[in-house]
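S.K.: Protein sequences, first through last, are from chains A and B. Following numbering that gives the first Met the number 0 from start to finish, the first sequence increments by one per residue and tops out at 235. Following numbering that gives the first Met the number 0 from start to finish, the second sequence increments by one per residue and tops out at 235.
Note that these hints are calculated values from the structure, not bench results. A few of these clues could be false.
Remember, identical chains collapse to one label, so a pair may be satisfied in a single copy or spanning two.
[As the list claims (entries may be wrong)] Taking lysine to aspartate or glutamate and the DMTMM-like style, the derived pairs with C-alpha atoms no more than 20 angstroms apart in a straight line are: (1) 216 - 176; (2) 192 - 223; (3) 163 - 152; (4) 163 - 88; (5) 163 - 27.
Since this is a predicted model, take the numbers as computed values, not measurements.
Single-letter residue listing:
There are 2 protein chains.
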Amino acid sequence: MRYELYYWPGIQGRGEFVRLALEEAGADYVDVVRRKGGMRRMLKMLASKRLEHPPFAPPFLKAGPLIVGQTANILLFLATRHRLAPANEAGRLWVHQLQLTIADLVAEAHDTHHPIAASLYYEDQKAEARRAAKAFIAERIPKFLGYFERVLERSGSTFLAGRKLSYVDLSLFQIVEGLRYAFPRAMNRTERKFPRVVALHDRVAARPRIAAYLASKRRIAFNEDGIFRRYPELDA
Amino acid sequence: MRYELYYWPGIQGRGEFVRLALEEAGADYVDVVRRKGGMRRMLKMLASKRLEHPPFAPPFLKAGPLIVGQTANILLFLATRHRLAPANEAGRLWVHQLQLTIADLVAEAHDTHHPIAASLYYEDQKAEARRAAKAFIAERIPKFLGYFERVLERSGSTFLAGRKLSYVDLSLFQIVEGLRYAFPRAMNRTERKFPRVVALHDRVAARPRIAAYLASKRRIAFNEDGIFRRYPELDA
Numbered sequence: 000m001r002y003e004l005y006y007w008p009g010i011q012g013r014g015e016f017v018r019l020a021l022e023e024a025g026a027d028y029v030d031v032v033r034r035k036g037g038m039r040r041m042l043k044m045l046a047s048k049r050l051e052h053p054p055f056a057p058p059f060l061k062a063g064p065l066i067v068g069q070t071a072n073i074l075l076f077l078a079t080r081h082r083l084a085p086a087n088e089a090g091r092l093w094v095h096q097l098q099l100t101i102a103d104l105v106a107e108a109h110d111t112h113h114p115i116a117a118s119l120y121y122e123d124q125k126a127e128a129r130r131a132a133k134a135f136i137a138e139r140i141p142k143f144l145g146y147f148e149r150v151l152e153r154s155g156s157t158f159l160a161g162r163k164l165s166y167v168d169l170s171l172f173q174i175v176e177g178l179r180y181a182f183p184r185a186m187n188r189t190e191r192k193f194p195r196v197v198a199l200h201d202r203v204a205a206r207p208r209i210a211a212y213l214a215s216k217r218r219i220a221f222n223e224d225g226i227f228r229r230y231p232e233l234d235a
Numbered sequence: 000m001r002y003e004l005y006y007w008p009g010i011q012g013r014g015e016f017v018r019l020a021l022e023e024a025g026a027d028y029v030d031v032v033r034r035k036g037g038m039r040r041m042l043k044m045l046a047s048k049r050l051e052h053p054p055f056a057p058p059f060l061k062a063g064p065l066i067v068g069q070t071a072n073i074l075l076f077l078a079t080r081h082r083l084a085p086a087n088e089a090g091r092l093w094v095h096q097l098q099l100t101i102a103d104l105v106a107e108a109h110d111t112h113h114p115i116a117a118s119l120y121y122e123d124q125k126a127e128a129r130r131a132a133k134a135f136i137a138e139r140i141p142k143f144l145g146y147f148e149r150v151l152e153r154s155g156s157t158f159l160a161g162r163k164l165s166y167v168d169l170s171l172f173q174i175v176e177g178l179r180y181a182f183p184r185a186m187n188r189t190e191r192k193f194p195r196v197v198a199l200h201d202r203v204a205a206r207p208r209i210a211a212y213l214a215s216k217r218r219i220a221f222n223e224d225g226i227f228r229r230y231p232e233l234d235a
């Protein structure tokens, strides 16, 4: 069965966490909206009154008759099929808990450039964004990365949960990538305090399937339409 | 076994979604931090380097040896034990997907009064809060409630997912409660457009265990330290 991933084209965004899991699993999938007619199909599904489980927003994944939405929920679904999380309940919940903490971080990273409203232009909330980014860099990046550093220390492994890679390792890789893109100066100062997080990032990047993906055209470059945006004025 | 719920005292906050599930299940639980010495215990656990699964933030639930964090993840865990979600995978994922959409709404509701940083006082981001709340009321409340209205219409039942109550029904009840508290004028104009959502709220409120809980001292009143805050200047 070929998975169908539905997500906004042209950005990594939240879809990237799903792409990384599909790539690491070697799963057969198509990134629907990057193909001709895909946007129309996605918008039709979002507006549908007939779908049994209508998604609120992209990304969502079609797996045969099943449509699964919400990034962390998609990963929960994929994990059981592709061994991307421990099989026992405690381990599964733990990985999911970490993923939901990543989701919180992603939302906060987005809000640094859109603190007032997602519907307004960045230019219309630039002053507010500067204040929001300042607090995010000073308080939130260290708090989140410090937490994952502590989890890695406690796990006694090179992965966050147990001795094997799980989807949240892929997501933490993506967080480091995104923060480095958006806040290169701040991360240059900060990331050395979190050597285990950086080492995990490097290990994930070197995994054969991930390395092949990152070098391929399937990996969209970071840009200023995504969640992680490089606005030098926010990288103080 | 008695569950131990750890959450900030004095507010409903995110802990309330867990409390509602525990109450509806008739589960035996203690709200640890509302008891003597509870705050010290919670802070110790949050700072611990020895816990196998250290939580990032409250709420978290201790269930015997297991510690489960992140609101939606706690509900996922409780659902399998207390039949608060369908037993089949598709139904479980669907309820969780809806819960994660609720979580997004909760974060956005919080950010109406703290758009710049959670670490700053409301007074230091009041002008920004006014702009954020205006967009939230005009765009986001209708979008979210409209979505849940559509889900209820499509479910063909009085509940969001299937013919039986699930934890996300309890959470949507709490959303209506919170929005009515924080934005009484806006909700008075808006909620009539979402009759199924309002009817679900009323049905949940009338359930014997929920009604008993709401009338008890265990239900903390809404106040201006929580997620839903009544600042008249934001209720335009």
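S.K.: State for each hint whether it applies.
M.R.: Status of the hints after comparison with the structure:
1. 216 - 176: Classified as within; 17 angstroms inside a copy, 47 angstroms across copies.
2. 192 - 223: neither (27 angstroms within a copy, 36 angstroms between copies)
3. 163 - 152: within (15 angstroms within a copy, 43 angstroms between copies)
4. 163 - 88: within (16 angstroms within a copy, 24 angstroms between copies)
5. 163 - 27: neither (22 angstroms within a copy, 35 angstroms between copies)
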